[in-house]
Amino acid sequence: MDLNLTEEQTLIVGMVRRFVREEILPLELGLDPDASELPAEEKDRLVALTREMGLYGLGIPPEYGGPEIDLVTQTLIAVEMSQHRAGLYAPCYGAFGGAGLAQLFEATEAQKERYLYPTLKGEKRGFFGLSEPSGGSDPARAIQTRAVREGDDWIINGGKLWISGADKADYGLVFARTDPDRGRNGVTCFIVDADTPGFHVRRIVHTLRAAHYATELSFEDMRVPSANILGKVNGGFAIANDRLTRQRIPYAAGCIGVAIKAQEMALDYVPQRETFGAPLSTRQGIQWMLVDNDIDIRQSLWITLEAASRADQKQPFRKEAAMAKLVATEAGGRVVDRCMQMFGGLGVAKELPFERWFREMRIRRIGEGPSEVQRHVIARELLGASFR
Amino acid sequence: MKVLVPVKRVVDYNVKIRVKPDNSGVDLSNVKMSVNPFCEIAIEEAVRLKEAGTATEVVAVTVGSSASQEQLRTCLALGADRAVLIETDADAQPLGIAKALKALQEKEGAELVIFGKQSIDGDNSQTGQMFAALTGMPQGTFASEVKIADGRIDVTREIDGGLQTVSLKLPAVVTTDLRLNEPRYASLPNIMKAKKKPLDVVTPDELGVDLTPSVEVLSVEPPAERQAGIKVESVEELVDKLKNEAKVIS
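As given, the protein sequences belong to chains Z and D, one line each in that order. For the record, in the first sequence the residue sitting at position 202 is 202 according to our numbering, with numbers rising by one throughout. For the record, in the second sequence the residue sitting at position 15 is 15 according to our numbering, with numbers rising by one throughout.
No lab work stands behind these hints, which were simulated from the structure alone. Computed from a predicted model, the values in this text were never measured in an experiment. Note that the Cβ used here is the ideal one computed from N, Cα and C, for glycine as well. Among these hints, one or two may not hold up.
To be verified - Computed spacing ranges between beta-carbons, pair by pair: (1) Z:Pro279 x D:Ala149: 31 to 41 Å; (2) Z:Phe105 x D:Ile159: 57 to 67 Å; (3) Z:Pro61 x D:Arg18: 39 to 49 Å.
Unchecked claim - Away from chain Z, derived, C-beta distances all over 12 Å, residues of chain D: (4) Thr54; (5) Leu95; (6) Lys102; (7) Ile120; (8) Lys195; (9) Asp205; (10) Ser219; (11) Ile230.
Claimed, not checked - Partial chain D-side listing against chain Z, Cβ under 7 Å, derived: (12) Tyr13; (13) Arg73; (14) Ala133; (15) Leu134; (16) Gly136; (17) Pro183; (18) Ser187; (19) Leu188.
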């Protein structure tokens, strides 16, 4: 078993590392500490570079113009891309593009024309509307938004909570209950235009993330045509579930990248910083923090790469993806916390990225399915049918 | 026109290096290595010449251990057509490297040889000049601009106090300065292609060259550590300190 990167992976990783170091880090010095977007002309310049590199549109299938790279390599890239202040929620400030709502690749041709292609071109933005005030991790039960058929249309009533980007979106995927008696098999996914009468963004929900706030939505007699159903009627759960499983791997990768960067900064700092007449690096209390960081980073990385590798080989990877998400978000939090401690007062200052990472990393243990739900998923995989 | 580009594997410029405790050299264990930045500029210039139709083939070459293959692959991913590793575990020095490259040039017969002006590890700035002297080829060092026409190459050189342009008859040697170009990022398709491009390995013996070092390193010392700055209370104090402590004004 060879655990080394391939020659190509080494070159690709080196190229993305250089991009972050030479293009993103200097630019970031002049941005607001909580910035998540670049000025348009800067963004265009960087996108031109990533297009030249052949890496624009990561996560987009090659037949839609994305680069042809396996998930392991994409994961390695994601780990590199997040090694800067905004890296957790805005890796490289979006310069590498991305698939956005990946489930639109399952759409009908007419739906693709209307929603997918403009999204890939950056002309339209979508949101993913699954969670409701009643919960997000248990969509089979928590979805109370109702869609009732009326002729060739569906009338949707209800609401969503914790939805990112809905206030700036042109459309979104809205999961609604179409059969009250069938649990997970009674949920349908609708593509909803944001200008549909009855669609309301009720409020902005501010969180630990300063830039990427969430929103609360409400739907009042919102009329959506059958043509806007993504997939099949009562087939929404599979669409949501597949997305949630896949999303866990890049979610983990971002946490790993930030942890690597935090540790790199700490390793650089502790030999310089003197207390009581000796550098911090000579203190065992500090050394052990660095050791624990390294182990945390390493275990997160390997578990995540294993999940990606299984997905590449078309093996089941639900358990591994849940483990990656669980381990990387928790380890990432510990690493950032320890680094903050080593930097002392500087660690909490806005001049350094730790305070932003600290706040955003805390969300990672809750977003995309909290740690407890990941453990639940893993337990179910371990115990199989006997679990129920 | 064939262009030969000698490159060097060096510690990545972003790494903070440490001197070994016995002062015998720089600690290279577990340190990221890269193509010397000036050599990247040389590769970029050669690839641009090829894209412009001036050059027909770009050959990257290095003298070093088998680990240097990684840097040669980088050159191939940046657009070189093939690569040659002159493999040695010896501590190759500028004169030995220049001799090995001369032997290779005799086989390759490149019309243009582009070096980086110096490597960021040894900072010798010797190999290109020694190679030119050994081969008898004309040289244009520290180039910030090159123009090729009618069997000649005009090289604009960055010298103290300004720019100097020299016109050389091909075949010629050029060493690159920082402002000659801005190297591109390798692209994914080129990275994928790089693996299929030929990378030949030859030994100094096969080239009939002796790489035994002629210079012995006695000791390597880190630069003196910079003292922390201080705050002064008044302009008078500042002037006093500049006069009497720093002795930079009188």
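Verification of the hints:
1. Checked against the hint of 31 to 41 Å, the pair Pro279 of chain Z and Ala149 of chain D fails, with Cβ atoms roughly 58 Å apart.
2. In this structure the hint that Phe105 of chain Z and Ile159 of chain D lie 57 to 67 Å apart at CB holds, the actual value being about 58 Å.
3. The beta-carbon spacing between Pro61 of chain Z and Arg18 of chain D, approximately 46 Å, falls within the hinted interval of 39 to 49 Å.
4. The beta carbon of Thr54 of chain D is kept farther than 12 Å from every beta carbon of chain Z, the shortest such distance being approximately 22 Å.
5. Every CB of chain Z lies more than 12 Å from the CB of Leu95 of chain D, the least distance being 31 Å, so the non-interface label holds.
6. With 12 Å as the threshold on Cβ separation, the claim that Lys102 of chain D sits away from chain Z holds: the shortest Cβ distance comes to roughly 30 Å.
7. Every beta carbon of chain Z lies more than 12 Å from that of Ile120 of chain D, the smallest distance being close to 15 Å; the non-interface claim holds.
8. A Cβ of chain Z approaches the Cβ of Lys195 of chain D within 12 Å, the least distance being about 6 Å, so the stated non-interface status is violated.
9. Residue placement check: Asp205 of chain D keeps its beta carbon more than 12 Å from all beta carbons of chain Z (closest about 27 Å).
10. Annotated as non-interface, Ser219 of chain D keeps its C-beta farther than 12 Å from every C-beta of chain Z; the closest such distance is 22 Å.
11. Annotated as non-interface, Ile230 of chain D keeps its C-beta farther than 12 Å from every C-beta of chain Z; the closest such distance is 16 Å.
12. Below 7 Å, beta-carbon pairs count as interface contacts, and Tyr13 of chain D has none with chain Z, the closest being about 10 Å; its hint is therefore violated.
13. Because the closest C-beta pair between Arg73 of chain D and chain Z is about 6 Å apart, less than 7 Å, the hint holds.
14. The criterion of a C-beta within 7 Å of any C-beta in chain Z is not met by Ala133 of chain D, whose closest approach is roughly 35 Å, and the hint is violated.
15. Proximity of Leu134 of chain D to chain Z is violated relative to the hint, the smallest CB-CB distance being about 33 Å (cut-off 7 Å).
16. Interface hint status for Gly136 of chain D: violated, as the beta-carbon distance to the closest one in chain Z is roughly 37 Å, over 7 Å.
17. Because the closest C-beta pair between Pro183 of chain D and chain Z is about 10 Å apart, greater than 7 Å, the hint is violated.
18. Given hint, Ser187 of chain D at the interface with chain Z, holds; its Cβ is 4 Å from that chain's nearest Cβ, closer than 7 Å.
19. Hint on Leu188 of chain D holds. Least Cβ distance to chain Z is approximately 3 Å, under the 7 Å limit.
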